[in-house]
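Visitor: This is what each chain is made of:
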Amino acid sequence: MRNFWQLYKRNRSAVAGLIILVVVVVVAAIAPILFPQDPFSLAGLAMSPPGENGFLLGSDSLGRDVAAGIAHGAKTSLLIGLLATIVAVGFGTIMGGLAGYFGGKIDDLLMRTTEMFQTIPSFVFAILLVAILKPSINSIVIAIAVVSWPAVARLVRGEFLSLKNREFVQACHTLGMSDIRIMLGEILPNCLSPIIVIGSLMVATAILIESGLAFLGLGDPNIMSWGFQVGAGRTLLRSAWWVVTFPGIAILITVLAINLVGEGLNDALNPRLRERQ
Amino acid sequence: MRIRNWMGIALGIVFVALAGLSAHAQKAGGTLVMLVQPEPPSLASYQSTSGPIGLMAPKVYDGLLDYDKDLKAVPSLAESWTVSDDGKTVTFNLRKGVKWHDGKPFTSADVQFTIMNVLKKIHPRGPNSFKEVMEIETPDESTAIFKLANPAPYMMRSFGSYESPIVPKHLLDGQDLKSASIANKPVGTGPFKFVEWKKGQYIRLDKNEDYWKEGLPYLDRIVGRFIPDASTRTAAMEKGEVHYGAYGAIPNVDVVRLRELDSIGVTTDGYAMINPVSLIEFNTTKPPFDSPAIRQAISLTLDRQFLIDNIWFGYGKPATSALSSSYAATGLYAEGMPNYPGKPDLEAAKKVLDDAGIKPDANGVRAKATLDLIPYGEDWRRAGEYMKQALGDIGIQLDLRYEDVPTWLKRVYANYDFSMNVNYFYQLPDPVLGVHRHYGTDQIRQGTHFVNSSRYSNPKLDALLESGAKEPDAGKRGAMYKEIQEILANDMPVVNLHEMKFLTVFNSKLKGHDASGFGAYGSFDQTWFDE
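Chains as they are written, first to last, in the working numbering: chain E, 694 to 970; chain L, 790 to 1320.
Don't read these hints as lab results, they were simulated from the structure.
The reader is advised that the hints may include incorrect statements.
Here are the computed lysine-lysine pairs in the DSSO-like style, where the Cα-Cα straight-line distance is at most 30 Å [as the list claims (entries may be wrong)]:
(1) 768(E) to 1177(L)
(2) 1157(L) to 1139(L)
(3) 827(E) to 885(L)
(4) 987(L) to 858(L)
(5) 974(L) to 885(L)
(6) 888(L) to 967(L)
(7) 982(L) to 967(L)
(8) 974(L) to 987(L)
(9) 1177(L) to 861(L)
(10) 877(L) to 920(L)
(11) 893(L) to 988(L)
(12) 1157(L) to 827(E)
(13) 987(L) to 893(L)
(14) 1075(L) to 827(E)
(15) 1259(L) to 861(L)
(16) 827(E) to 877(L)
(17) 982(L) to 996(L)
(18) 885(L) to 768(E)
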C-alpha cells in the first residue's frame, strides 16, 4: 500500500485531483448539515445575484438557493456515477471474462452482442432508454450502465485472452482447478489494474451523461442534480448568469478531478509505466 | 323582427374611409418574415387546429365572418347575415364576384360543402360548433341558409377563418379529405396565395392581386420561417431578420430584455379569441382527489401571482373562476367565486382538510400523489416544482412526473392512469366551444384529448350546460353560467390557475398586424411596413 502511494504521488496533478475529489465527497456528505432545507424549497427572493439576500451563490428563477442545489446535487452526481459504474463494470467483466476465457462460439455470441451495443451512439441510446423507462434515478443508472459496459467487456476479454495461455494458468489447469476458480482466483486479480483505471474514468463519463440527460430535461424531476440546475437555468443565461455558471463549474471541476485520479491510478498500477518519471 | 346588420356595415365603411384619410397613410409593398414555431404538420386548417397551421392558413383562406378587436362579428365572405326570431334559421348573403386563387368563382355551394362535408366531419371542434346545423339550403349562388335543430348562439362566434375556413368544393369534393393535396398546397379566397413550402425552412405566400377587398393586402409577400432554437429566434428578431413572432416564439425571459429596445414592440393583444387558461385536472374517481375538500384546499394554497411573476415574467392574470375573466365582455363571467382567493390562504386550506377528516400523520403528511406535467416546455416544470413545494406546506406530498407527449396524452386521456395533471385549455370565444368539454358527463370520452378527463359528473351541472348552450337571451344565459361557475368553484373538479397571456413580439416598423381579433391567426390583409 505504501508502495502504491509512493507511485501515485509522483503524479502531482493526480494528487491535486484526489484532494478536489475528497472535498466534493465531503461536501456531498455534509450537505444536509450545511443546507438542512430541501434544495427545492423556495428560500427567498427569485434571481438574487451571488452574495445578496443571504444567497452565497445567488438564487434561481423560483428563489431556490443555487449553493444548496450544488451541495445536494453533488450527492446525486457521485451516487449515480458510482452506481452506474459498478453495474457497468460488473456486467462488462462477466461478459468479457466469459468470452475471453471460453472463446469459440461463446466468444462469438457475446462479442457480437457487445458490438451491437457499441454501434449505437451511446448518448442517443441513453436518451432513448431514459425516455422509454421514464426519468427516475433507477432508469438513469440503468441507461448509463447499458451504454457503458461494452468498453469494459472488450477490455476484460482482451486481458483474459492474453492471460489464459500463460504458464501459471496452464499450471492451474494441470492441477485440476475448476474454471470458475481459475477465472476468479487467478486471472481476474491479474487484470484488476486496468479495470480499476477504466472504472475510475467511467465515473467521470457517467457524471457527464447524467448531467447531459438532466440538461435535456430527462433527469429525475424529484432529485436535485447539477445537470438539472444547468438545464433549468440556461434560458436565464443572459439575465442571471450565476444560475448556470456555478453548477457548470462544479461539473467541470469534479469530472476533471476524477480524470486526474484515473490518470494517477493508471500510472501507479500499470507495471509498464512504473518507471515513468 | 329580424336582427339587421346593415348598420354595422355602414359604420365599417365610414371607418375604413376615415382611416384612409388619416395622417398615417398605409404604404403598400414589402416582405413580412414571421416566425412559425414549430413547423406545421400541414396547412389543412379545416382538419387540424394545431397552432402553427393557424399562423399561415388564415392568410390563404377566408371565413364567412371575421371578428374585430372587440370580438364583434364583421363581414368577410358573408356581406351580411340575419338570424330568425326563433334562432333556428341563419341566412348569409355571400359576397359576389369572389374568386378562388385558381380562378374559379366562389359560391354558396362551397359554403354548404365546407360546413356539412368537411368541418362537421373532420374538424376537431367543428362537430361541436355546428352540432345543431341540420342542413344548409342554397336557393342561389350567393345565399346560404343554415337550418338549425335548436338555437345555437355560440355558433355565430365560430365563423372566423382560423376556426372555420371556407374551402373550395371543386378541389375537395369526392376526394379523401384526409389526404387531399390541398392540405399542403392550400387554395383559398384570402389575401395571400400559397407559393411554396421548403420543408425545414419556410413557407412563402404572395399577394393575391385579385383580392376582393379593394386595395388590400398591403404586403407583397409573407414568409413563415421555421427556426427550432429559441435563442436563435430571439437573435433573428433582435437583428431585424424576422419581423413577427407570436405564441411564445420568443421566450418570455428574452421578451423582458427585448421590450426595452426601440426597434421591438411587444403586445398581449390578439389572443382573446383563444382565451387560454392553465389548470390542474384531478382524477375525481380515486383517492385522494375524490374529495372536493382536498381540491378546494389546493386552490386555496397555490399562489397564482407567484407563478405568473416568476415563471411567466409577469404576463398573465390569476384565475378567479372556471370561466376566464375575458367572458365579462359577454356577461358570462361571474365575480367573487369561493375557493379562488386573491392571496394564498393556508389556514383556510388546512381547516378545509381538517374538517373533511384529512388529517396529517406523524410526519405531517395528509396525502401523497403524483403530479403529471404537460410536456410543453420548461415553464411547466418550474410550475410543477413550485406546486410540489407549496402543497408540501399543507401536507400534500407530491412526486413529479414528466413524460413525452404521446405517453402523457395516453396516460391522462386514454388510460386515466393519473391523479393530478397540469395542463392548459383554450376556452375560445364561447364556453360551449371551449369550456363545456371539460365538465360535461357527455364529454367523458375515453381516448379523446383535452376533454373531461377528471370524469366529473353532475346531472345538475349537465342540465345547466345544456340549457346554457341553447339560451339566446344574454341576461338569462349569464345567470345560468353564474350558477355553473358556483357549482364548479365548490366542487372544483378542475383547479384553474391562470389566464395565460401569450406574447407577440414584432418589429416596430410593422403596423396593422393586430387588425383582427385573432391576432396572429388573422389574415394580415391590413398589415404594412412604415419605413
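Visitor: Decide, hint by hint, whether the structure agrees.
Guide: Outcome of the hint check:
{"no.": "1", "hint": "768(E) to 1177(L)", "result": "holds (21 Å)"}
{"no.": "2", "hint": "1157(L) to 1139(L)", "result": "holds (15 Å)"}
{"no.": "3", "hint": "827(E) to 885(L)", "result": "violated (58 Å)"}
{"no.": "4", "hint": "987(L) to 858(L)", "result": "violated (33 Å)"}
{"no.": "5", "hint": "974(L) to 885(L)", "result": "holds (25 Å)"}
{"no.": "6", "hint": "888(L) to 967(L)", "result": "holds (24 Å)"}
{"no.": "7", "hint": "982(L) to 967(L)", "result": "holds (22 Å)"}
{"no.": "8", "hint": "974(L) to 987(L)", "result": "holds (12 Å)"}
{"no.": "9", "hint": "1177(L) to 861(L)", "result": "violated (42 Å)"}
{"no.": "10", "hint": "877(L) to 920(L)", "result": "holds (12 Å)"}
{"no.": "11", "hint": "893(L) to 988(L)", "result": "holds (29 Å)"}
{"no.": "12", "hint": "1157(L) to 827(E)", "result": "holds (20 Å)"}
{"no.": "13", "hint": "987(L) to 893(L)", "result": "holds (27 Å)"}
{"no.": "14", "hint": "1075(L) to 827(E)", "result": "holds (23 Å)"}
{"no.": "15", "hint": "1259(L) to 861(L)", "result": "holds (20 Å)"}
{"no.": "16", "hint": "827(E) to 877(L)", "result": "violated (52 Å)"}
{"no.": "17", "hint": "982(L) to 996(L)", "result": "holds (6 Å)"}
{"no.": "18", "hint": "885(L) to 768(E)", "result": "violated (73 Å)"}
This entry does not satisfy hints 3, 4, 9, 16 and 18, going by the numbered hints stated previously.
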